[in-house]
Amino acid sequence: MSQKTVRLTMAQAVARFLTRQMTIIDGERVPIFGGVFAIFGHGNVAGVGEALYGVRETLPTYRAQNEQGMANAAIAFAKASFRRRFMACTTSIGPGALNMVTSAALAHVNRLPVLLLPGDVFANRRPDPVLQQVESFGDGTISANDCFKPVSRYFDRITRPEQIIPALRRAMQVLTDPADCGPVTLSLCQDVQAEAYDYPESFFDEKVWVPRRIEPDLDELASAIEALRSAKKPIIIAGGGVLYSEASAELAAFAEKHGIPVVETQAGKSALPHSHPLNMGSVGVTGTSASNALAEEADVVLAVGSRLQDFTTGSWALFKNEALKIIGLNVQAFDAGKHEGQPLISDARAGLNRISGGLGSYKADSAWTERAKAGKAEWLAAAERATATTNAALPSDAQVIGAVQRARGGRKTTLVCAAGGLPGELHKLWQAEEPGGYHMEYGFSTMGYEVAGGLGVKLAKPDSDVIVMVGDGSYMMLNSEIASSIMLGAKFTVVLLDNAGYGCINRLQMGTGGANFNNLLKDTHHVELPQIDFAAHAAAMGAVTRKVGSIPELEAALAETADEVRTTVIVIDTDPLITTEAGGHWWDVAVPEVSDRDQVKAAREGYEKALQAQRFG
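According to numbering that gives the first Met the number 0, the residues represented by the sequence shown are 0 to 616, in order.
Rather than coming from a laboratory, the hints here were simulated on the basis of the structure. Be a bit skeptical, because a hint or two may be false.
Straight line, CA to CA, 25 Å or less: simulated SDA-like cross-link-like pairs of lysine to any residue [unchecked claim]:
#1 411 - 29
#2 3 - 256
#3 372 - 296
#4 324 - 383
#5 148 - 44
#6 256 - 169
#7 206 - 169
#8 206 - 55
#9 600 - 511
#10 546 - 516
#11 411 - 222
#12 324 - 366
#13 362 - 219
#14 206 - 366
Here the structure is a predicted model, which is why all the values come from computation and not from measurement.
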């Protein structure tokens, strides 16, 4: 049987295939790829560059400043889109490709889709070693791109043009699979990018990808219902899976019908409105007093779409009820069965609906529910004190958060952050009212994500008021996508908190008995301390900038710049030592057994005592 074909280079086939992948958003068919971030070099400019030029009207290509930055932006785009849409990133070989490995790990840990298309060595090996090629003395098949293998859900090296047919199909399956979702790396040998092949026309047929909603196994469902029906003190942990399933309404209905309090992980925050009476807020190491008090006594925990990492569980010392049962409602069996959890493999929306139906009129004891609401009221009072306005010369992170909340914390706001001390304070204190209004990359806690993440969020949500909160340390690591945002007209606001160093790690160092050493700038080995003018730096990239000297000035600047069309950076000096004492929980950070310092010896003694509360295994 003859098959209609079209002769294209491998790179052209990739580009055309990407334009033909679609999804449905709000009843409208839209391209599933929001675009391609590209930094061209000798390993991709001739092949992929020419191919992307040919489809530029249907698949936009965005020029970035840094490969890690553009990959972070692409991942933020996918997260802000609840994994319904995503982007691709292409680089040259060598350093350009390896700059994306950290981002691949970020996406892998957070279960977020991104298609990485790094250039690779010549498959024919004629010019070996080509510029930027990494050679292994004992293995001729290895290239730098092998570093992507442990941090990719699917990896393939394309050494012949026809190999792209099964590779791209497999890539799309992974990128859209609710359980296996994560980064895909297709390593494109640079000579093969330019080689032609007669591709079947059917390969480029339009395909619509819609989310797969996994229904629960009946036996697992019955076990989960039985466990919850016998619960006296149940809680729900809302993880990121609630948002990716777009199950916020179902979660609210479930909690209300059965009177079960909800606590939120970093990824799950905003799954319920902050104002919902059964939303107790953050849980774990950076949890509210309301959430953690309930978690300590809970006899049944319904963990919805959470991988139950150590910040959520207080390094497994938070849950103290000896009769505790964990129900792991998750699309991924790997996560559902953690820590002897009772697995319920299911989509969050489907699972919550099926459990609720099976529970019938079951409702948690009213005393438990009322106690939860009273605990929330106490926490809100503590949070209000922490975030209240001040005229202090060096305000706390919490006071800055309060100012941002008052000035711009409306329903159209999306708050973006990633690393340092801010995630803990924001997890406790930020009041998100819309699903996705809180955008935190804390699965990998990647310093440098914030600015690039703000760009990705703005591309995904152009009507949202995107606010990026970032410390000076993280800003210094990666800030160049401010320039990209100016190029693209993708305005967001950066609130830069300058505490002159790595304040979060300095506090952790102090808390584990360590001396102040190499974290705050003043405690480093130096000849002269840097005097960085962050406002001038951002202005040099084209941003609108302000340097403010107080919380009232910050609120005024946020109000004044709300309608700016260009990315805005507002800088404020902050105190590196102050943190919100209310709430929180112990975190397992190993303290040295041997030290000459009394502070370390005392911290070790406290550490060994704290270890006794862990539920190991």
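Tested hints:
1. For the suggested pair residue 411 and residue 29, the alpha carbons sit about 23 Å apart, so the restraint of at most 25 Å is met.
2. Under the criterion of a C-alpha separation no larger than 25 Å, the hint pairing residue 3 with residue 256 is inconsistent with the structure, at around 57 Å.
3. Restraint check: the Cα-Cα separation between residue 372 and residue 296 comes to about 15 Å, which is no more than 25 Å; the hinted pair holds.
4. The hinted pair formed by residue 324 and residue 383 fails the criterion: a straight-line CA distance of about 34 Å is larger than 25 Å.
5. Of the supplied pair hints, the one linking residue 148 and residue 44 holds, its CA atoms being roughly 24 Å apart against a limit of 25 Å.
6. Restraint check: the Cα-Cα separation between residue 256 and residue 169 comes to about 41 Å, which exceeds 25 Å; the hinted pair is violated.
7. Note on residue 206 and residue 169: the hinted pairing holds, with a Cα-Cα distance of about 14 Å set against a maximum of 25 Å.
8. For the proposed pair residue 206 and residue 55, the alpha carbon gap of about 20 Å is at most 25 Å, so the pair holds.
9. Restraint check for residue 600 and residue 511: the C-alpha separation of about 9 Å stays at or below 25 Å, so the hint holds.
10. The straight-line distance between the Cα atoms of residue 546 and residue 516 is roughly 28 Å, outside the 25 Å bound, and the hint therefore fails.
11. The suggested pairing of residue 411 with residue 222 is violated, with an alpha-carbon distance near 40 Å, which exceeds 25 Å.
12. For a cut-off of 25 Å, the pair hint linking residue 324 to residue 366 stands: about 20 Å separates their Cα positions.
13. With a CA separation close to 21 Å, the supplied pair residue 362 and residue 219 stays within the 25 Å bound.
14. The hinted pair formed by residue 206 and residue 366 fails the criterion: a straight-line CA distance of about 52 Å is larger than 25 Å.
Going down the numbered hints, you'll see the structure goes against 2, 4, 6, 10, 11, 14, while the others check out.
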